[in-house]
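Using the hints, build the complex out of the two chains.
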Amino acid sequence: MTFKIAASPHAHQRRTTQQVMRWVYLALIPGVLVQTYFFGFGVYVQLALALLTAWVAEGLAMRMRGRPVAHAWQDHTAIVTAVLLAISIPALAPWWIIVMGTAFAVIVVKHVYGGVGQNLFNPAMAGYVLLLISFPVQMTSWPIPNELAQLQVSLNDTVSLIFSGYTQAGYNLEQLRMGADGITMATPLDSLRNDLNHQLTLSEALTKPIFDDLAGIGWAWINIAFLLGGLVLIKQKIISWHIPGGMLVGLLVPAAIYWLFNPDQAITPMLHALSGATMLGAFFIATDPVTAATSNKGRWVFGLLVGFLVFVIRTWGGYPDAVAFAVLLANMTVPVIDKYTQPIAYGHGGRS
Amino acid sequence: MSVATKAIEAGHIWTFPGGIHPPERKEISNQTPIAPLALAQEYYLPVKQHSGAPGELLVQVGDYVKAGQVLTQVGANNGLPVHAPTSGTIAAIGPGIIAHPSGLADTVITIRADGNDEHVALEPLTDYTQLSRAELLDRIKNAGIAGLGGAGFPTAQKLALQRPLDYLIINGVECEPYISADDRLMREHAQTIIDGTEILLHIAGCEKALIAIEANKPEAIAAFEALLDKHPQLALRVVPVKYPSGGEKQLIQLLTGRQVPSRGLPIDIGLVMQNVGTAFAVAQAVLQGKPLIERVVTVTGENVEKPGNYWVRLGTPVAYLLAQCGFKPEPEQRVIMGGPMMGFTLADLSVPVVKITNCILVPSSQELAPAQDEMACIRCGACADVCPAQLLPQQLQWLAKAKDYDGLEQQNLFDCIECGACAYVCPSEIPLVHYYRKAKAEIRNIAREKAKAEVARERFEARQERLEREKQERLERHRKAAEARKKAQAEAVAQGGDNPQDAVQAAIARAKARKAAQAAAAQQKNKEGDDA
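One line per chain: the protein sequences are A and B, in this order. Under full-length UniProt numbering, think of the first position of the first sequence as 1, with each following residue one higher. Under full-length UniProt numbering, think of the first position of the second sequence as 1, with each following residue one higher.
Treat the hints with caution; some may be incorrect.
Said to hold, decoys possible - In silico DSBU-like cross-links for lysine-lysine, where the CA-CA straight-line distance does not exceed 35 Å:
| id | chain 1 | residue 1 | chain 2 | residue 2 |
| --- | --- | --- | --- | --- |
| 1 | B | 208 | A | 297 |
| 2 | A | 297 | B | 328 |
| 3 | A | 237 | B | 328 |
| 4 | B | 26 | A | 235 |
| 5 | A | 4 | B | 403 |
| 6 | B | 452 | B | 438 |
| 7 | A | 297 | B | 6 |
| 8 | B | 452 | B | 401 |
| 9 | A | 339 | B | 403 |
| 10 | B | 401 | A | 339 |
| 11 | A | 4 | B | 328 |
| 12 | B | 438 | A | 297 |
| 13 | B | 403 | A | 297 |
| 14 | A | 4 | B | 401 |
| 15 | B | 208 | B | 26 |
| 16 | A | 339 | B | 440 |
| 17 | A | 339 | B | 450 |
| 18 | B | 48 | A | 4 |
Just so you know, the hints here were simulated from the structure itself, not pulled from any lab data.
Just chain B, with the same shape it has in the complex (with noise of 0.2 Å):
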């Protein structure tokens, strides 16, 4: 065993650059247990809600289903089932808004619930161990589980890259303030998760689990410690507050000192990360055989009466989730998909929950003031100090207004992680992540462009060749003819036969004879004349 990996079973906690300590604000939404929330009339099902292909629509309009019942299967595109979160019929299909911060149309299913909430019969397994891995992975993949972290990625992906694993990381730091829904579900059901971590540690055919939590979650690792004893796969890691320690670059080096390389993946150091809102899901599909169709969400900040930590059913409309949470708006009220830092804003509340949303934040200005106009820089640094990627936020944002996209290249633009500590601590309140968004944007449409003008490119040069390859076959087949004519004469000519030679040369001579007879009548013609 090498010194790095003794030091990692010791549980040593390493630390990385940078980082802020904005005011958590978690009391507000973690104090009281999660709670169900009343079914709402119609829920929205975008057919997408992963990072992937969607899959293909199985449903038609005027179709009754059940809860759990699959919309969209896995398909030709490989993509994510998405199931139905309660009974009812299927309204519409069609374009509608999605949670996006683009606030863009995709298709949408919307379900009108009939309330009395039928499920589909499910499948509970009693031995999981029984099953091959490809058939547990089918199962999470049939379940519709996705990332719930935030990034979405499909679950069984993530695993069935068969690569050699060090440990598998269980991520319960939720470093974003406001944000208690992990936390919250790690305090009431962390035997679940713990089947969970155990499953996908089978899955995957790694030997070891660390579970990562915040210092500032003291009930989460009470409960996590009373119950590990019974695990010796598992073992835990408490790392201290600082945002954004939860970020997946930040903790695998927070809890291994391993960075992930530019553009890599965690599995190419060996590891692999899943959040423990995933655990779970994945523990609810394998044992019970559950599909998603419902996640914890908190709904937070000052203009709700309610705040706290809901089970959401994936499609219900933002408008009736904080409607049931006494929603209050204020005149310019921001409505928050996500958390403070790195949440997006919904500007119409139609937009239903998903797979990925974690939070509902709806601050007064007070709390959250908006922000201001943004002054100039003033090349202070400060964002460079907090920068958990060591990137040099002040330079790119030079070269962010300045389009100069090799400049951003060189400096790794790539490679920020759209944090928001550097536009959180800029005295000029420049929003940096905001620059950085849109150079990252442009740079992919050049790249598309690129991509596209070289494929033309490749036509336009194939096109040329083969012209050229065909102009050459045919003059070679006129060249082989002509080889074969001659030869075939010179034989018939050898056999005694007439030489087609012959008679060409006779129609020569006679059209000679023709001019020469013509040469001479005209200058007869023309004596004649001068006598006259």
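With the rest of the complex left out, here is chain A (with noise of 0.2 Å):
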């Protein structure tokens, strides 16, 4: 009889990298339903574009690397790439943007350094930013909120727009993005950021019809579904609340500090947290755990990193939203990050 041998630990928790990337794209879901609720049914076009667009891309790029296809499908880590960038972009961008940015995403960002785990860059931000300095037009063409719009677009409109870039009756994207007063509707950040820069106070500014709720329609309700899920992340133990922390704390203190001194030409804290990719970068996209800070310490001062840097960006910037490139800048610190956070070890002077 022969006995078999393995190395301990013999107990493993067996909680999987699939099992971690299927709770974060679980969490996900409340997000992305208000996110359908409010921008309709192109969300979830983007979602099958994405999924299909990675689940190729990774097909083909370990294929090219000769390593078994059907291990990197199963750790799901490129459903939760695909998954970030589709509810990234704007719900109504043609096709091409959204499978553009995907496969970018997993084939450069991802298997040209090395595959999972190895990479430097967040893969669907890195993807984000590619599309968003390449086609800014597309890629800020948010469409406007159901409870604003003019003109109701069902599902085949959608599918119909994202194709060929007109509804079946015949209008085109622009068409559908007029407000009532016939001009083009902006997000809330981008409203405010191109008032505030043509001299108006915060208060005139807010009297557009974007700003009727929270935070700028929808926008405030999508941020608090992805904060409940990144709550259900922090619970399940799948992120720490460093990372999330972190960021908020490094984003809403300085914008409240520079709120108080400025109250006519800022953004709100409120509208900071509540607006734009706030929340979803906070629990999902900065929590990335491959191109995050590894330590908490290292974790806190990456958070607070990136949340700054959406501060300094969104106030002073060229872009209205920040976060992609606030953790793309941010994960470039991370090994200088890791190098003095390492956290003292047993029996090296450190108190218990």
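Encoded structure:
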């Protein structure tokens, strides 16, 4: 009788990478539902396109690298990348936008750097930035929240718009994005930014119909939904609170101070927190373990840095939202953060 | 009394970072009292069952021995003796498989039991306080007692270090899942453990002992609570359930808030720790004169019909122990010596139970599923979150794979206690501890090679130096000899004797004359030739 030899420990928690990733995309569901409610079925079409592209790209990259394809599909990391990118882009963007972005994220940002666990940059955000810089018009053409839209877009129209650029009735995206006043409607942060740049005061800027809600119609609820999903992840110990906590503190504390001194020229902390990709970024993007700092202290520093960069870019930078840039910039600093936040090991003079 | 000491006295329990909560599964084995095990036919006693050098053999093949008879003595290399577990004849002495993860062979004494189980006469002690410290230490050493908690460090050697002590800590935490040997021992023999603790205090010259038990052992806690009123030197500390709270360093942190310095010993911070099993064995050795020939072993897992705790004679083959417990192996069965977190698998069941064997675990593949394929690290940091030593396991993993030994030392690889918490939580099922063990072994090898090379270099340099010195000495000798000769000559001349220099000069003149004559002759010859 031969007995099996194995290295200790013989017990395992059995929370696989796949399960971790599954928790991440399940926790995104509330946010996705709310986003769909405000921006239409386009969200689903983008998701489907992204998932298909990620699946093909992952398989292709693994085959080219001579590695087992099934292995990569099993870990579900590409699914998370695809979902994050799909919900970051405007719901009615043309199909090739999401396909290009996802393929770039998976093949170049992840696999060229050595595959899962080896990439320096957050794949979804690197894909997003590539698209934003290359196709600024398509990437900033967010549809009007359904509540304010003149024309409701059906599922058929959505598909038709994404694939051909026109609804079945022949409207294009620009026409759909007109408000009642005939002016193309921007996202709250975009609109605010333009108005503040045009010397309007905050109270004047906030009179636009898009601000008829907490922090811009739709956006506040989307952020709250992502916040809820994020809290579930913390509860499930999929992520630690350090990165989201750090990012929110890093963003909101400077924002609050700046706003107190410039009450009429600054974005309010409330708008910072509940608009744009703040909550998605804090709980789902900055927390990507591969590209974030590793120790809890390091995570806290990393989160603070992301938050602060978001504040700086939103306030003085060239882009209305800043999560993607902030995350990528912070990704670059991770080796340095890791080096200087190494915890003091037991017996090396630390206090308990 | 300092604030920290006051807190220790008040029973404050500190915490340690990280740790995990694996399923405890102790109920499989802790329901029944410790049972005796029927005698086996053969016993295999490795001469080395502790950390340190083996003792010197005292017996030969064919000798008849009684239970408790000493088989090896302390000897020149200060080893720890082993004793015959039962009566019988020595059937063989030679290489045999020992209880070690390597599966390598070491010297093993095989005893064929005669079934009579005759014991040597014991020498009990009525009042141990009459004995000197050295005599008590000898009694413990001669009983062959090594730390029964797992490390197997000779107990007398640990106690012999005479340094000021604040506390003796008796470790009854037993945090490793499945194992309940200490739990049952504490429930059934609390008084003997207390006696042992008092003896240890007496020897160590220490005032106070802290007995630590994990909160998941209420019966053991109750057993001590009932007895401790009469023993003011002893205090009970209940520590929360968390793995690895029973690790020496972690328990020290829990009970005192102190940290053992890296590469240091608990005694450096005024502490000494002993396992409850060791305290029990010390009481038996000192009071009854009983040598260590048996210990409690937990036999557990879903693939034995009669799990529980057994008094097992040292040297009992694991195969026999399991057979007695109704072992039903499945295909690819793992037989683990120790617990699921730190135990090692046995390839061959002729391996004997030794002093450090606390558990034999035979899990089904449902309860402890075999490890799956290692996946890529996603840097999730779950390992760092659970590391009780505050290391960065994933960095260690990258460095170990890259064989960056300097980097590993910078990341304090040697402070890793190999508890396995990191590998337990790893979502990619990377066998992290395995990588660390391998890297540690490689670093030790490199250090050994380096030390060897250093010795060789020193030897070479010493030889070069010696040769150079000898050369100088030779030259000096020659110089002195020449001087002495010159001096002697000068003295001889001064005294009117022959100057040897004159003879030399004469010889030179003679030689010159002869050369000149030869030259002239040659010239003459040439001339004659021309003329002809």
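Hinted pair, alpha-carbon criterion (35 Å max): residue 237 of chain A, residue 328 of chain B. Please report holds or violated. At roughly 38 Å apart (the allowed maximum being 35 Å), residue 328 of chain B and residue 237 of chain A break the hint.
Going straight from one Cα to the other, do residue 208 of chain B and residue 297 of chain A come out at no more than 35 Å? 38 Å, violated
For the pair supplied as a hint, residue 208 of chain B and residue 26 of chain B, is the alpha-carbon distance within the 35 Å limit? 30 Å, holds
Given the proposed pairing of residue 339 of chain A with residue 403 of chain B, does the C-alpha separation stay at or below 35 Å? Holds, at roughly 19 Å.
Quickly compare the C-alpha distance for residue 452 of chain B and residue 438 of chain B to 35 Å and report which way the hint goes. Roughly 21 Å between the alpha carbons, so the hint for residue 452 of chain B and residue 438 of chain B holds.
Would you mind confirming whether the straight-line C-alpha gap from residue 297 of chain A to residue 6 of chain B stays at or under 35 Å? Holds, at about 31 Å.
Do the alpha carbons of residue 339 of chain A and residue 450 of chain B lie within 35 Å of each other, as the hint requires? Judged against 35 Å, a Cα distance of about 29 Å means the pair holds.
Pair hint outcome, residue 452 of chain B versus residue 401 of chain B [Cα-Cα no greater than 35 Å]: The hint holds at about 26 Å.
Does residue 297 of chain A sit within 35 Å of residue 403 of chain B, going by the straight-line distance between their CA atoms? OK: residue 403 of chain B and residue 297 of chain A at ~27 Å, within 35 Å.
Hint check: residue 4 of chain A vs residue 403 of chain B, CA-CA at most 35 Å. Holds or violated? Distance of about 28 Å is within 35 Å: holds.
Is it true that the CA of residue 48 of chain B sits at most 35 Å from the CA of residue 4 of chain A? The hint holds at about 26 Å.
Verify the proposed pairing of residue 4 of chain A with residue 401 of chain B, using a straight-line Cα cut of 35 Å. 25 Å, holds
This entry does not satisfy hints 1, 2, 3, going by the numbered hints stated previously.
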